Amino acid sequence: MRFAVSLLTVLGIASIIGTVLKQNEPYTNYIIQFGQFWFEVFEVLGLYDVYHSVWFLLILLFLVISTSLCVYRNSPNMLREMRVWREHATEKSLRAFSHQHEYQANGTPDEIRAGLTRFLTARGFRFKTVQHENGDQLIAAKAGTYQRLGYIFTHTAIVVICVGGLIDGNVPFKVQELLGYKTVEVRDIAASEVPAESRLSTANLSFRGNMTLPEGTSADVAFMRMRDGYLVQELPFRVALKDFRIEHYATGQPKSFESDLVITDPDLAEPLEATISVNKPLIYKGIAIYQSDFQDGGSNLDFNLWGLFSNQVAPLSVRGTIHQEVTLGEGDTALTVEFDDFRKFNILNLTADGKGKPHNVGPNVTFKVRDTQGQAREYVTYMQPLKLDERFYFVSGMRPALQEEFKYLRIPVDENFEIEGFMRLRAAMMDSAAHAEIARRLTKSSLSADADNDDMKGKFESSVTQLLRAFAEGGYTRIAALIEDSVPEEQRDNAAQTYIKIISSAAFEAHNLARERADKSPAVADEETLIFLQDSLNSLSDIFFYGAPFYLELKEYEHREASGLQLTRSPGKNLVYSGSVLLVLGIFAMIYIRERRIWLLVKSDNRVLFAMSSNRKNRDLDLEFARYQEQLQRLLA
Amino acid sequence: MNNALINDEPIPLLKRLNWQDWLYSIVLLAGAIFAFNRYSHHMDVYEQGFLFGAVATFSWLGWSWKAMRNLVLGVGVLSLFAIFVYDADLQRAEQAFFLKYLISSQSAIMWMNVLFILATVTYWVALFNRSQFTGKFASSLAWAAVLMGFVGLMVRWYESYLIAPDVGYIPVSNLYEVFILFCLITALLYLYYERRYATRQLGGFVMLIISAAVGFILWYIFDREAYTIQPLVPALQSYWMKIHVPANFIGYGAFSLAAMVGIAYLLSARGILASRLPSLDTMDDLMYKAIAVGFAFFTIATILGAMWAAEAWGGYWSWDPKETWALIVWLNYAAWLHLRLVKGMRGPILAWWAVVGLFVTTFAFIGVNMFLSGLHSYGEL
Ligand code: HEM
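Taken in sequence, the protein lines are chains A and B. Residue numbers are given in my numbering: position 585 of the first sequence equals residue 585, and the series is strictly consecutive. Residue numbers are given in my numbering: position 24 of the second sequence equals residue 1024, and the series is strictly consecutive.
Heads up, none of these hints are tricks.
Derived lysine to aspartate or glutamate pairs resembling EDC-like cross-links, with alpha carbons at most 20 Å apart:
#1 A:K285 <-> B:E1311
#2 A:K387 <-> A:D542
#3 A:K617 <-> B:D1281
#4 B:K1322 <-> A:D49
#5 A:K357 <-> B:E1094
#6 A:K128 <-> A:E91
#7 A:K285 <-> A:D265
#8 A:K520 <-> A:E415
#9 A:K92 <-> A:D605
#10 B:K1343 <-> A:D622
No wet-lab data here; the hints were simulated from the structure. No experiment lies behind these values; they were computed from the predicted model shown.
The following block holds chain B by itself, in its conformation from the complex (with noise of 0.2 Å):
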C-alpha cells in the first residue's frame, strides 16, 4: 500500500530534472556569466538583474516545457553564429552567405514568414487527412518558424548596435517588430495548448491568424521598407517600454488564440469539421484558459503603460486613444470573465464574444494607429 501511494505522489519539480534540465541550465548561466564578465561595465544594477533574471526565468520554461530547451539553445547557437560572422560589419549582411541567404535578421525573419505559411497548409492538410505524421510535421514546421523568428530579432538587436552604439535598441519598438512579436509569442502560446491538450487540430486555426500577421509583415517589408533600422525618438527610450511591449503582445496573442479557437468552436457547434475537431468542451477551456492567460498579462500591461506614461508625459492616465481602447479591450475580458466565471456560462455565445474580442483588440493593436490620433508615437501606418 505505501509502494503504491508513493508511486502516485506528484513530485516536486526540482526532483524531476534530469541531467539535460540541469545540463541546459549550466549554458545558460555560463553564458550569462561570461557576458557579464565582458560586458557588466555598460550594465547598471537593472540590467545586471535582467541577465540573471533571465536565467532564471528560462531555466524554469525549459525545465517545465522541455521543448523550449532545443528553442532557447537554438536561437542562441543561431544568434551567436551570426554575430560571428557578422565580425562586427553591417556590410557582411549582403557578402557572407550564411547571413545573406539564412540568418542575417532580414533573412531570418523571410525564413519565418514562410515557414509559418508552410506550417498553416500543412496544418489543414493534416487536419483533413487525419493524418498523425503531417500534423507532427506542421508542428515541427511552426516551430522552426518560432526559431527563425527569434533569431531574426535576436540579429536584429545586434545589427542595431552596429549601425551606431547609440542607435542600438531592443527591437520590440516598433509595428514591424511587434507584428514579429505577435506570430511568434501567439505560435509559442498555440504550440503549448497544442502539448498539453494533446490535440494538433486547431493549429490551422490558430495558423490562420498569424498567416494574416505574415501578410501584414510581407506588405510593410515590400512597400514600406520597414525592416530598416530606425533610432528610437526620445519617449520611446524608456525600460517601461521594453516590458510593457512583450507583455502586451502575450495579452494579444493569447486574446488571437481564444477568437481562433472560438471560431473553430462555432464551426464544430454546427456540425462543420466536427468529427475532426477537438470536443466542445476541450475547446471551450482552450479558449478559457487562453483568455485568462491574455488577461492576466494584458492587465500588467496596461499597468505598466500606464508607468511608462507617468514617466513620459506626465500622467499615469491621459485618455489617449491607445490607452482608452487599452481599456476597452480589458473592460470587454472583464466581462467576458464575469459571464464564465460567475454566472457559469459556456457555449456560443461566449465563443462569438471572444471572435468579437478579436476585432476590439484588432482595433486597439492597429486600428487606432490607422484611424485616430494621439500621443503614442511608434506604429504609425
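Next comes chain A alone, as it looks inside the complex (with noise of 0.2 Å):
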C-alpha cells in the first residue's frame, strides 16, 4: 500500500522532468543550451525523450507487474468478500461493534421478523436468515457489495491502460535498436537510399510518422524523428495529395485545413479518394491518416531586383523557387538567395497599441542572403504595402542570426501605391554624377535670382554636392561623423539643423530631377510630398543597415502547398479504451457505491441487537446508522 504510493509518486517525478525539458528537440539545441559535457551526461540519461527512455519504461513494466500482482493477490478476497453473508457472526462479537444498539420489541417473533425484513427490503438490503441453536436468529444484511468489483476494475484498468500504451510505444524497436538489428538514420539522404536498418517494414505493428507532400506529388513512406535523426516506415500503399486548402474566417484567420488525397494500393480495383481535415481522420488498412500541419511546396515567385546604392532606374527580374536558391553575381561579391518559406496570409495586428483588430496584410516571403564566406542573413518582405501609423510602407525586416529580432525596413509608396516613385529617387540620390545638378538647382531656388555674389552661389553649391555625397555613402549618420570632424562642439546642433534642411531640399529637387527624367510632371511642395521625402530620406539612410545591397519586391507569385500528414497504426488504442472505460466504471464503484452490513440478532427474549459496519468507517456510515437506529426504535416499540 505504502508502496503504492511510492509508485504513483515516482511515476509523477518521473514525468515532470519531460515536461521541464522540452522534448525531442534537435540535439544541436542542446548543446549550445547545456554545453557540451552536460549535453553528453543528459543523453546518457535519456532525458531528450524521457517517456521512451529505458528507465522511464521499466517503471511502467514495474507498475504494470505490481498492480497485477496485487489484483492477482486480491481478487479471489474481494470475490469471497462480496459473496458472503458473515452470518457467523457471534453475539459477543456483534456487541463490540463500534455501531450497535439493542431494543426491546413488541409482537411475536414471526411479526418482528417480518417487520426487519421489510425494513431491509426497502433499503435495498439482501439478507440471510440463520436460526440458531439457542432460539435466537439472525439476519445478516449486505448492501452494496458491489463496490468491490471498483478495485478490480480500477487496478485491472490500469493494467490493461498500460499494456495498450506500452504496445503502441516503441518497445520492439527498442529491443531490435539493442540487439543491433535497427539503428537510426543521422543523415539527410533521399528515403530511398536510406538502408534497410533504419527501414521498418510494413509488418512493424504500431508506429506514429510523417509524412509531407507537396501539391501533386505522393509517397509511400513516412518518417519517424527519433532523438537526433529518423527512421523510414513503410506503408502498404501510396498516398498522393491531389489539392490542400486552407480556409479562412472572415477576419482571416484559418478555419480549416484540409488535403484531398488519392490512396493507390494494388489491393483496390481503384483508387480510394478521400477528403481529411483537422479532427477527421482517414482511417485505410488501420492505418489513419491525419491533418498535421502544412508548409510551402515549392511555390514560385517573381521578383523585381533594385540595387539600393546604385542609380540604377529599372529593376531586374529575377525568378525564385521556395526551398531553392539563386546566386546573384559573381567571384567573391557572390550572393546566394536561399527562399525559406512564402505565406500567402499573414494575420497581422499593425495598430499603434496593439489593441486594435489583427487582420491579415497579404503575403511574404522568407529568404536568406549568404555570402561566399557562408555567413547569412535572414529577410522576411511583404508583398503588400502595411499601413503604420496611418502611412503605408513596403516592409521588410532583417535580422542577422535567428535567435535575434528583425529589424524592419520602411519603405514610403508613391502616388501610384508603387515603389517606383522611392527607387526613382534614390537613383538620383545615389547617382553621384547628378549630385552637382541637384545642387545648381537648389542654387537657383533658394537663393534669390539678383544676387549678385556669384562667388556665395559658388560655395553654397559646392557645399550642397559634398552633402550629398556624404548621404549616398552613408546617410545620416555620415552626415552626422561629417559635423563631428569638422564642426565645433558648441555650434553643432545648428549645423545639423541646417544641413538636415538642406538635405531636405535637395531631395525635393532630386525628386523633381527624377520626375523629369522619368517624364512625369513635377512635384509641387505640399504636404503630401513633403512627407513621401521626409520618409524616403528616413529610408535611404536605413538602407545603409539593412545588409544586402538590393531590395527584392515580390511581384508575382505561384502558390504551391504541402501538406503535413501524420500517419499512426496504433493496435492498443483499443485496449486502451476498453480500459478506460473500466476505469471509470471502476472509480465510480468504489467511490460512490457504499459497502455496508447489517445484522440484527433477534433473541428469543424479544431483545433485538443491531449491529452496522462498512469497509469504510466514515461520516455516512455515522450518519446512516443513527437514522436506522431511530427508525428501528419507532419500527419495534
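Each chain sits in its own coordinate frame; assemble them with the hints.
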C-alpha cells in the first residue's frame, strides 16, 4: 500500500522531468543550451526523450507488474467478500461493534422478523436468516457489495491501459536496436537511399510517422523522428496529394485545413479518394492518416530586384522557388538567396497600441542572403504595403541571426501606391553624377536670382554637392560623422539642423529631377510630397543597415502548398479505450457504492440487537446508522 | 407498526416529485421541442441527442436539487430576453439599455464578478458575526453571481453566432471562458455542499479562490481585452473539446473546493476560528467528497482529452506537457485516495496534501500554458 503510493509518486516525478525539458528537439539545440559536457550526460540519461527512455519504460513495466500482482492477490479475496454473508457472527462480536444498539421489541418473533426483513428490503439490503441453536435468529444483511468490483476494475484498468500504451510505444524497436538489428539514420539523404537497418517494414505493429507532400506528389513512406535522426516507415499503399486548402474566416484567421488525398494500393480496384481535415482523419488498412500541419511546397515567385546603392532606375527580374536558391553576382561578391518560405496569409496587428483588430496583410516571403564566406542574414518581405502610423510602406525585416528580432526597413509608397517613386529618388540621390545638377537647382531656387554674389552661390553649390555625396555614402550617420569632424562642439546642433534642411530641400530637387527624367510632371511642394520625401530620406539612411545591396520586391506568385500528414497505426488503442471505460466504471463503483452490512439478532426474549458496519468508516456510516437506529426504535416499539 | 414502517420507508425519486417539478420539466421539454422544430435541420443526430439529453439531465438535476430549477429557469428567461432584445443585431449591445448595463455577455460577466466579490465579503462578515441572516444573504449573492455568469456564457454563445454564423461556438474554448466556467462550477459545487452539510461557514474560504479567479478575469479583460470573441482555430473544432473542457473544470473546481476546505481544516485544527467553523469531521468528509467527485470527473476528462488528441493530433497520448501534467494531477489525487481509502488515514496530512494538490492543479491549469510549450493551442497567455 505504502508501496502503491510511492510508485504513483515516482511515476509523477519522472513525468515532470519530461515537461520541464523540451523533448525531441534537434540535438544541436541541446548542445547550445547545456554545453557539450552536460549534453552528453543528459543524453546518457535519456532526458531528450524521457518517455521512451529505458528507465521510464521500466517504471511503467514495474507499475504493470506490481498492479497485476496486487489484483491477482487481492481479487479472490474481494470476490469472496462480495459473496459471504458473515452469518456466523457471534453475539459477542456484534456487541463489540462501534455501531450497535439493542431494543426490546413487541410482538411475536415472526412479526418482528417480518418487520425487520421488510425494513431491510426497502432500504436495498439483501439478507440471509440463520437459526441459532439457542432459538435466536440472526439476520445478516448486506448492500453495496459491488463496491469491491471497483477495486478490481480500476486496478485491472490500469494494467490494461499501460499494456495498450506499451504496445503502441516503440518497445519492439527499442529491443531490435539493443540487439543491433536497427539503428537511427542521422544523414540527410533521400528516403530511397536509407539502408534497411533504418527502415521499418509494413509488418511493424505500431508507429507514428510524418509525411510532407507537396501538391501533385505522392509517397509510400513516412518518417519517424527519433532522437537526433529518423527512421523510415514503409507503408502498404501510396498516398498522393491532389490539393491542399486553407479556408479562412472573414477576419483572415484560418478556419480549416483540408487535404484531398488519393490512395493507390494493388489491393484496391481503383484509387481511393478522400478528403481529410483537422479532427477528421482517414483510416485505411488500420492506418490513420491525419492532417497535422502544412508548409510551402515550392511556390514560384517573381521579384523585381532593385540595386539599393546604384543609380539603376529600372529593376531586374529574378525568379525564385521556395526551398531553392538563386545566386546573384559573381566571384567574391556573389550572394546566394535561399528562399525559405512563402505565406499567402499573414494575420498581423498593426495598430500602434496593439489593441486594434489583427487582420490579413497579404503574402510575405522569407529568405536568406548568404555571402561567399557562408555568413547569412535572414529577411522577411511583405508583398503589399502595410499601413503603419496611418501611412503605407513596403516593409522588409532583416536579422543577422535566427535568435535575434527582425529590424524593419520601411519604404514609403508613391502616389500610385508603388515602390517606383522611392526607387527613382534613390537612383538620383545615389547618382554622384547628378549631385552637381541637384545642387545647381537648389541654389537657383533658394538664393534670390539677382543675388550678385556669384562667389557665395558657388560656395553654397559645392557644399550642397559635398553633403549629397556624404549622404549617398552613409545616410544621416555619415552626415553626423561629418559634423563631428568639422564643426566645433557648440555649433553642432545648429549645423545639424541646417544640414538636414539642406538635404530635405535637395531631396525635393532630386525628386523632381528624377520625375523629369521619367517624363513625369514636376511635383509641388505640398505636405503629401514633403512627408513622402521625409520618409524616403529615412529609408535611404536605413538601407545602410539593411545588410543587402538590393531590395527584392515580390511581384507575382504561383502558390504551391505541401500538406503535413501524420500516419499512425496503434493497435493498442482499443485496449487503452476499453481500459478507460473499465477505469471510469471502477472509480464510480469504488467511490459511490458503499458497502454496508447489518446484523439483526432477534433473541428469543424479544430483544433485538442491531449492529452495522462498513468497510469504510466514515461520516456516511455514522449518519446512516443513526437514522436506522431511530427508525428501528419506532418499528420495534 | 406497519404505519410507522411505511412512514419511514425511503420513497423513490419519481414519487417524491411535486407539481412544480413536473411543471419545470414540461417547460424544459417544451423548450427543447420548440428548438427541435425550428432548428433540427441544422443539427446532426448527436446534437439532437444532446438537446433531449439536456432536458433529461437538467430535469434530474432540478428534481434532486430544487435550487437548480430556479437557476435553470432564470438563466433561460434572462438569456431568451437578451436574445430578444438583441434582435440579431450585435450593435444593440451598446444601444439597448438592458444589454448595455445588464445582460450583454460582457455586462453579465461583470455583474458576476462583482457579485462574487460581494458574496466573498458577506460570507466573511457572516463568519465573524456568527450571523445566520448575513450567511443566507451571502448565499443569495453567490447564487445571483452564478445566475449572471451562466447568462453571460449563454449570451456570449449567441453573440458569437451574430459575429458570423461560421464563427459561432460554445464558449468553453479559451482561457477567458474557462475561467468563468471555473468560477461557476466551483461556486455550484460549494452551494451544493453548503445545503447538504447545512453549513455556511466555509463560504468565505471557498469564495476566496473564486475571487482570485475573478481577479484574473478582470486583469484579463482590462489588460488583454480577452472578452473579444475570436473564431476557433481548426484543432478546437471538435465535439470532444466541448465535453472534455467542462468535465475538466468540474475536476478543477472540486479540487479547489477541497483545498479551500483543507485550509479551513488546518486553521481549525490549530484553534483558529475553531468555534466558528464546522467540526473537523465534517470538513474532513467534505474534503473527501469533493476530491472523489473531482477525481471521477477528472478521470473522465482526461480520457476524453485522449480521445480528442487521437483525432486531432494522431495519437491518444503524446506526452505533451499539458497531458503529462494532467497525469501528474491524477496520480496525486489517486495517491490521496489510496491513503484515505486504504489506510483509512484522516487528519492534517490529508488536508495539507489537498492544499498542495491545489498548487499542482493550478500549475496544470495555467502554469503549463505560461511556462511550458506544447501542442495545446488554447489559453496562451
Ligand atoms: C484509479 C485510481 C485508483 C484508485 C481509486 C485506487 C484505489 C484503491 C483501493 C480502494 C485500494 C484498496 C483495496 C482494498 O483493500 O479495499 C487500493 C489498493 C491498492 N492499489 Fe489502488 N487505486 C487506484 C490506482 C492504483 C494504481 C495506479 C496503482 C499502481 C501502483 C495502485 C496500486 C494499488 C496497490 C499496490 C494497492 C494495495 C493492494 C494491497 O497490497 O493490498 N492503485 N487501491
